[in-house]
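Colleague: Protein chains in written order, with the numbering used here: chain A, 107 to 427; chain B, 107 to 427.
Rather than coming from a laboratory, the hints here were simulated on the basis of the structure.
Please note that the accuracy of each hint is not assured.
What the hints assert, rightly or not - With beta-carbon atoms standing in for the labels, derived distance ranges:
#1 B:E182 / A:V361: 49 to 55 Å
#2 A:A309 / B:E362: 41 to 47 Å
#3 B:G363 / A:V296: 41 to 47 Å
#4 B:T426 / A:L386: 41 to 47 Å
#5 B:G363 / A:D294: 20 to 26 Å
#6 A:N405 / B:R330: 47 to 53 Å
#7 B:G385 / A:N405: 45 to 51 Å
#8 A:K404 / B:A416: 33 to 39 Å
#9 A:E382 / B:S154: 51 to 57 Å
Claimed, not checked - The following residues of chain A were derived to be distant from chain B, with all beta-carbon distances above 10 Å:
#10 L149
#11 T321
#12 V390
#13 P393
Unchecked claim - Where chain B lies over chain A, by a calculated footprint (3+ residues, C-beta under 8 Å):
#14 196-209
#15 278-292
Glycine included, each C-beta is placed from N, C-alpha and C at the ideal position.
Number of protein chains: 2
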Amino acid sequence: MEEYSSVSPVVLVHRPPAMDFIDEPLSHSFTVLYTHTSPEPLLDFLSSNASSVRAVVSVGRLPITAEFISNLPSLEIVVCASVGFDHVDLDECRRRGVAVTNAGDSYGEDVADLAVGLLISVLRRIPALDRYIRSGQWTRLWDYPIGFKLDQKKVGIVGLGSIGSLVAKRLEPFGCIISYNSRSPKPDNVPYFYYPDILSLAADNDILILCCSLTDETHHIVDREVMETLGKNGIIINIGRGGLVDEKEMVKCLVEGVIWGVGLDVFDNEPEVPEELFGLENVVLSPHSAGMTAESLKNVTEVSVANLKAFFSDQPLIFTV
Amino acid sequence: MEEYSSVSPVVLVHRPPAMDFIDEPLSHSFTVLYTHTSPEPLLDFLSSNASSVRAVVSVGRLPITAEFISNLPSLEIVVCASVGFDHVDLDECRRRGVAVTNAGDSYGEDVADLAVGLLISVLRRIPALDRYIRSGQWTRLWDYPIGFKLDQKKVGIVGLGSIGSLVAKRLEPFGCIISYNSRSPKPDNVPYFYYPDILSLAADNDILILCCSLTDETHHIVDREVMETLGKNGIIINIGRGGLVDEKEMVKCLVEGVIWGVGLDVFDNEPEVPEELFGLENVVLSPHSAGMTAESLKNVTEVSVANLKAFFSDQPLIFTV
C-alpha cells in the first residue's frame with residue numbers, strides 16, 4: 107500500500123505454525139515478523155527483535171501475556187484475528203495504553219451451523235453410515251443401523267446467548283421442541299421454555315446442546331448426575347468448551363449406556379481426545395472447528411488488516427475490545 | 107387380538123431377510139407366512155402355500171408382480187409397509203379387485219432432515235473430520251481441513267414438491283438463498299426463485315439438491331454439462347434416486363475437480379457404490395437411509411397393522427392407493 111511504502115510499520119505475528127491464513131494479506135502493507143519461525147526461545151526472540159514492533163497480530167489464541175507485552179517497548183496495538191480475546195492480558199494492555207481489537211462476531215453462525223450438523227450427524231448416524239459404505243459393508247439392502255427423527259425431539263439449550271439463539275432458530279423448522287437454561291429467563295417474545303437449572307432441563311429433554319461460555323460456575327455443568335438424569339436415549343452436543351462436561355464421566359456414561367450419544371467439537375485437553383471414543387459408533391467428533399470456515403477466516407483476515415491499516419492512518423478502528 | 111382368535115387371517119410377508127420390524131406386531135393378530143424363509147424358489151413356495159393367503163405385506167420394495175399376485179387366488183389386499191408402491195403391479199391388483207394400501211407420508215420429514223444433514227456434512231466436512239480425529243491425526247491444533255459457511259450459499263432445489271419444500275424451509279434460517287426448478291412455477295406465496303430448466307439453475311447456484319422423482323424426463327437430469335455449469339465449487343446432494351445423476355460422469359467430475367463435492371443417499375445400482383468414491387474426502391455417503399428412522403418404521407408398522415385390522419373388520423382403510 108502506498109501510504110506505508112516509506113515507513114512500513116513492523117507487525118509481529120504470533121501464531122501456530124499451521125495457521126498461515128493472514129500472512130499474505132499482511133505482507134502487502136507491513137513489515138512482518140513471526141514468533142514461530144525463530145529458533146530462539148520466544149522471550150529471547152522478543153528481546154532481540156522487539157524495539158521496532160508496533161503491532162502484534164494474534165492468531166489461534168496463543169497467549170499474549172504481560173511478560174510478552176512488556177518485552178515490546180514500541181507496541182501500540184494488539185490485533186486479535188479471532189472473536190475471543192481472553193488469551194490477551196487486557197490489564198497490561200490498558201496499563202500500557204495498548205489498543206486491542208478483535209474480529210467481531212463472524213463466527214457465531216458457523217458455530218450454530220456445526221452444532222446442528224453434529225446433532226443431525228449423531229441422530230441420523232451420518233459419519234457411521236459413511237464409514238459403513240466406505241468399508242464395503244453395504245452389500246445387502248436394509249441391513250444398516252437405523253437412525254432417529256428430529257421432529258418432536260426435545261432439545262435443551264444450555265446458554266441462550268447469541269450462538270444458542272442461532273442454534274434454536276435453525277432447529278425450529280425441523281420440528282424440535284426447544285427449551286433452555288440460562289442465568290435468567292429471556293424476554294417474553296423468546297418462544298422457548300425456560301428451566302432455572304440444568305438438572306430440570308436434563309430431566310425434561312432428550313438432547314442437551316452446550317452453548318454457554320466456560321466459567322467457574324459452568325465448569326463441569328454436565329456431570330454424571332446430569333447425564334443419568336438425561337437418560338439412556340440422551341444426546342449431548344458440545345460446541346462450547348471441553349470443561350463444560352466432566353469428560354471422564356462422559357466416556358464412562360457412553361460406554362455404560364447411561365446416555366446414547368454425543369457430538370463433540372471441544373475437549374478437555376485439546377488436541378487430546380479420549381481414545382475410548384474412537385471405537386464408539388454413537389459419537390461424532392470434530393477438532394474445535396465449529397467457528398472455522400474459509401469464509402470466516404477471510405472475513406477475520408479482512409477485519410484484522412483493516413483494523414491495522416485504520417490504526418496506522420489514525421482512522422477509527424472497526425472493532426475495539 | 108380377540109376378534110381374530112378363531113379365524114386369524116393368513117398374511118404373507120414379502121420382505122428382505124434383514125427387515126424384520128413388522129414381524130412381531132403382525133404375529134399378535136394374524137397367521138404369518140414369510141417368503142424369505144422358504145428353501146423353495148418363490149413361485150414354488152407360492153403355489154404350495156398360496157391358497158390360504160388373504161393379505162400380502164410388502165416390505166422394502168421387493169417387487170409384487172402380476173405373476174406373484176396371480177399365484178394367490180384368495181388375495182384380497184396388498185399392504186405396502188412403505189410410502190412408495192411403484193414396486194406393486196397396480197393394474198393386476200385393480201383387475202383382480204385387490205385393495206392396495208401404503209403408509210402415508212411419514213418419511214418426508216426424515217428425507218428432508220437427511221438432505222440438510224448431508225449438505226452440512228459436506229460443507230463442514232463432518233465425516234472427514236471425524237475420521238481425521240479417530241485415526242489419530244489431530245496431534246496439533248489448527249492443522250485440519252477447513253470447511254465452508256452455509257450463510258449466503260445459493261441452493262437450487264430440483265423438484266419443489268413436499269420433500270423439496272421441507273428442505274427449503276429447513277435451510278432458510280441458515281441464511282441460504284433458495285431457488286428451484288420444477289415443471290412449472292409455484293404460486294406467488296412461495297418465496298423462492300424459479301428457474302425453468304436445470305442448466306440455468308446450475309449456472310446461478312452453488313449447490314443442487316435433487317428432490318424430484320425419477321421419470322423418463324428426469325433420468326440423468328444431472329449430466330456432465332450440468333456439472334460443468336455448476337462449476338468447481340459446486341456441490342450436489344441427491345436424496346431422490348440414483349438415476350437422476352449420470353453416476354459415471356459424476357465420479358469423473360469429482361476426480362477431475364469439475365465439481366467440489368457430493369452428498370449421496372442414492373445410487374444407480376444399490377447396494378453397489380462406485381469404489382472410486384471411497385477414497386474421496388469431499389464425498390459423504392449414506393445407504394438409501396434418508397426415509398429410515400426408528401420413529402418412521404414404528405409409524406409405518408402401526409399404519410400397516412391398523413390397515414390390515416381395519417380391512418378384516420370391514421372398517422375404512424387409513425391410506426388407500
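Colleague: Run every hint past the structure and note whether it holds.
Modeller: Taking the hints in turn, this is what the structure says about them:
In this structure, E182 (chain B) and V361 (chain A) meet the distance hint of 49 to 55 Å, their C-beta atoms being roughly 51 Å apart. Between A309 (chain A) and E362 (chain B) the C-beta distance comes to about 54 Å, which lies outside the given range of 41 to 47 Å. For the pair G363 (chain B) and V296 (chain A), the supplied restraint of 41 to 47 Å holds, since their beta-carbon distance comes to about 45 Å. Hint check: T426 (chain B) to L386 (chain A), Cβ distance near 44 Å, so the stated range 41 to 47 Å holds.
A hinted range of 20 to 26 Å is violated for the C-beta pair G363 (chain B) and D294 (chain A), which are about 52 Å apart. Evaluation of the 47 to 53 Å hint for N405 (chain A) and R330 (chain B) yields a failure: the beta carbon distance comes to about 34 Å. At about 32 Å, the beta-carbon gap between G385 (chain B) and N405 (chain A) misses the expected band of 45 to 51 Å. For the hinted restraint 33 to 39 Å between K404 (chain A) and A416 (chain B), the CB-CB distance of approximately 60 Å leaves it violated.
Distance hint check: the CB atoms of E382 (chain A) and S154 (chain B) are about 53 Å apart, consistent with the given range 51 to 57 Å. The Cβ of L149 (chain A) sits about 22 Å from the closest Cβ of chain B, beyond the 10 Å cut-off, so the non-interface label holds. Non-interface call for T321 (chain A) relative to chain B: holds, since the shortest CB-CB distance, roughly 22 Å, exceeds 10 Å. V390 (chain A), annotated as away from the interface, has a beta carbon of chain B within 10 Å; the closest lies near 5 Å.
Distance check on P393 (chain A): its Cβ comes as close as 5 Å (rounded) to a Cβ of chain B, failing to clear the 10 Å threshold; non-interface status is violated. For a cut-off of 8 Å, the count of residues in the segment 196-209 of chain A with a CB near a CB of chain B stands at 0, and the three-residue condition is violated. Only when three residues or more bring their CB closer than 8 Å to a CB of chain B does the claim for the segment 278-292 of chain A stand; here the count is 4, and the claim holds.
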